[in-house]
Amino acid sequence: MKKGFTLIELLVVVLIIGILAAIALPQYNSAVAKARATEAFVNGKALNSAIQRWMLQNGAISATNRPKFEDLDIELSGVTYTTSYNARAKYWDYDTRETSITCIRSTMGTSPQSVIYEICFNANTNEIICLAELNKDNAEKLCKTLGGKERQKTGSWTYYTIAN
Numbered sequence: 001m002k003k004g005f006t007l008i009e010l011l012v013v014v015l016i017i018g019i020l021a022a023i024a025l026p027q028y029n030s031a032v033a034k035a036r037a038t039e040a041f042v043n044g045k046a047l048n049s050a051i052q053r054w055m056l057q058n059g060a061i062s063a064t065n066r067p068k069f070e071d072l073d074i075e076l077s078g079v080t081y082t083t084s085y086n087a088r089a090k091y092w093d094y095d096t097r098e099t100s101i102t103c104i105r106s107t108m109g110t111s112p113q114s115v116i117y118e119i120c121f122n123a124n125t126n127e128i129i130c131l132a133e134l135n136k137d138n139a140e141k142l143c144k145t146l147g148g149k150e151r152q153k154t155g156s157w158t159y160y161t162i163a164n
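FYI, the numbering for the sequence shown is 1 to 164, going by the working numbering.
Source of the hints: derived by calculation from the structure; they are not laboratory data.
Incorrect hints may appear among the rest.
[Claimed, not checked] In silico BS3-like cross-links for lysine-lysine, where the CA-CA straight-line distance does not exceed 27 Å:
| hint | residue 1 | residue 2 |
| --- | --- | --- |
| 1 | K153 | K68 |
| 2 | K153 | K141 |
| 3 | K144 | K34 |
| 4 | K90 | K2 |
| 5 | K141 | K90 |
| 6 | K34 | K153 |
| 7 | K136 | K34 |
| 8 | K136 | K149 |
| 9 | K90 | K34 |
| 10 | K34 | K3 |
| 11 | K90 | K68 |
| 12 | K136 | K153 |
| 13 | K34 | K149 |
| 14 | K3 | K90 |
| 15 | K45 | K34 |
| 16 | K141 | K34 |
| 17 | K90 | K45 |
| 18 | K68 | K149 |
| 19 | K3 | K68 |
| 20 | K90 | K136 |
| 21 | K45 | K153 |
[Stated by the list, open to error] Okay, the calculated beta carbon distance ranges per label pair:
| hint | residue 1 | residue 2 | range |
| --- | --- | --- | --- |
| 22 | A163 | A21 | 19 to 27 Å |
| 23 | N122 | L10 | 16 to 24 Å |
| 24 | A35 | E150 | 18 to 26 Å |
| 25 | V12 | T38 | 19 to 27 Å |
| 26 | N135 | G4 | 44 to 52 Å |
| 27 | A24 | K153 | 53 to 61 Å |
| 28 | K45 | N135 | 22 to 30 Å |
The structure presented is a predicted model; accordingly, all values stated were derived computationally and were not measured.
Don't be surprised by glycine CBs; every beta carbon is placed ideally from N, CA and C.
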């Protein structure tokens with residue numbers, strides 16, 4: 001009597017593993033994307049709070065009076081500062097603009113960078129907006145996961161308001 005597995009048994013096992021992988025891999029990718037979005041959201045709130053503290057000391061933000069990263073009382077880990085107003089992390093670009101709005105952009109690829117969605121914080125109004133690129137299902141799902149309620153569609157973006 002021969003011991004071992006038949007070809008049919010091996011094919012059934014491979015088929016089962018393939019089906020499980022087809023189900024599990026998208027779920028895994030979705031969980032990773034949600035974790036990254038949550039990390040960006042937490043970092044963005046901390047950065048927004050630091051900008052609000054800077055505004056209390058230095059007045060309103062304008063083109064001539066805007067905070068540089070080195071002026072803020074916050075340290076972002078894993079970040080390379082590309083300019084005084086922009087920083088690059090592995091999956092995110094942090095941008096303090098000439099207004100009281102700070103945006104965190106998800107970036108994919110290396111050249112050119114493809115922005116899938118942005119999370120923007122307004123230091124004056126405490127409003128948080130998630131901008132999802134149209135026809136990017138994952139971006140819209142992530143904005144909704146963060147608690148976003150669809151506000152409007154403009155150009156190639158859908159705007160979601162996130163409750164504070």
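We went through each hint and held it up to the structure:
Restraint check for K153 and K68: the C-alpha separation of about 31 Å exceeds 27 Å, so the hint is violated. With a C-alpha separation of about 15 Å, the suggested pairing of K153 with K141 holds against the 27 Å cut-off. A threshold of 27 Å between alpha carbons decides the hint, and for K144 with K34 the separation of about 11 Å falls inside it, so the pair holds. For the proposed pair K90 and K2, the alpha carbon gap of about 54 Å is over 27 Å, so the pair is violated.
A threshold of 27 Å between alpha carbons decides the hint, and for K141 with K90 the separation of about 21 Å falls inside it, so the pair holds. Our distance criterion of 27 Å between C-alpha atoms is met by K34 and K153, whose separation comes to about 22 Å. At most 27 Å may separate the alpha-carbon atoms for a hinted pair to count; K136 and K34 meet this at roughly 15 Å. About 16 Å separates the Cα atoms of K136 and K149, which keeps this hinted pair within 27 Å; it holds.
A hinted pair counts as satisfied when its Cα atoms are at most 27 Å apart, and K90 with K34 qualifies at roughly 15 Å. Proximity of K34 to K3 is assessed by CA-CA distance (about 47 Å); at most 27 Å being required, the pair is judged violated. Between K90 and K68 the alpha-carbon distance is near 20 Å, which keeps this suggested pair within the 27 Å criterion. As the CA atoms of K136 and K153 are separated by approximately 13 Å, the hinted pair is consistent with the 27 Å bound.
Only pairs whose Cα atoms come within 27 Å are accepted, and K34 paired with K149 is accepted, the gap being roughly 17 Å. The hinted pair formed by K3 and K90 fails the criterion: a straight-line CA distance of about 51 Å is larger than 27 Å. Proximity of K45 to K34 is assessed by CA-CA distance (about 16 Å); at most 27 Å being required, the pair is judged to hold. For the proposed pair K141 and K34, the alpha carbon gap of about 9 Å is at most 27 Å, so the pair holds.
Pair hint K90 plus K45 holds up; C-alpha atoms about 18 Å apart against a cutoff of 27 Å. This hinted pair does not check out: K68 and K149 have alpha carbons roughly 31 Å apart, beyond 27 Å. For the suggested pair K3 and K68, the alpha carbons sit about 71 Å apart, so the restraint of at most 27 Å is broken. Between K90 and K136, the direct Cα distance comes to roughly 21 Å. Compliance with the 27 Å bound is thereby established for this hinted pair.
Restraint check: the Cα-Cα separation between K45 and K153 comes to about 24 Å, which is no more than 27 Å; the hinted pair holds. About 37 Å separates the C-beta atoms of A163 and A21, a value inconsistent with the hinted range of 19 to 27 Å. The hinted range of 16 to 24 Å is not satisfied by N122 and L10, whose Cβ atoms lie roughly 59 Å apart. The beta-carbon spacing between A35 and E150, approximately 23 Å, falls within the hinted interval of 18 to 26 Å.
Distance hint check: the CB atoms of V12 and T38 are about 39 Å apart, inconsistent with the given range 19 to 27 Å. The hinted window of 44 to 52 Å between N135 and G4 holds, with their beta carbons roughly 51 Å apart. Restraint check, A24 to K153: a C-beta distance of roughly 33 Å breaks the suggested window 53 to 61 Å. Taken as a hint, the range 22 to 30 Å holds for the pair K45 and N135, whose Cβ atoms sit roughly 28 Å apart.
Taken one by one, the earlier hints fail for this structure at numbers 1, 4, 10, 14, 18, 19, 22, 23, 25 and 27, listed in ascending order.
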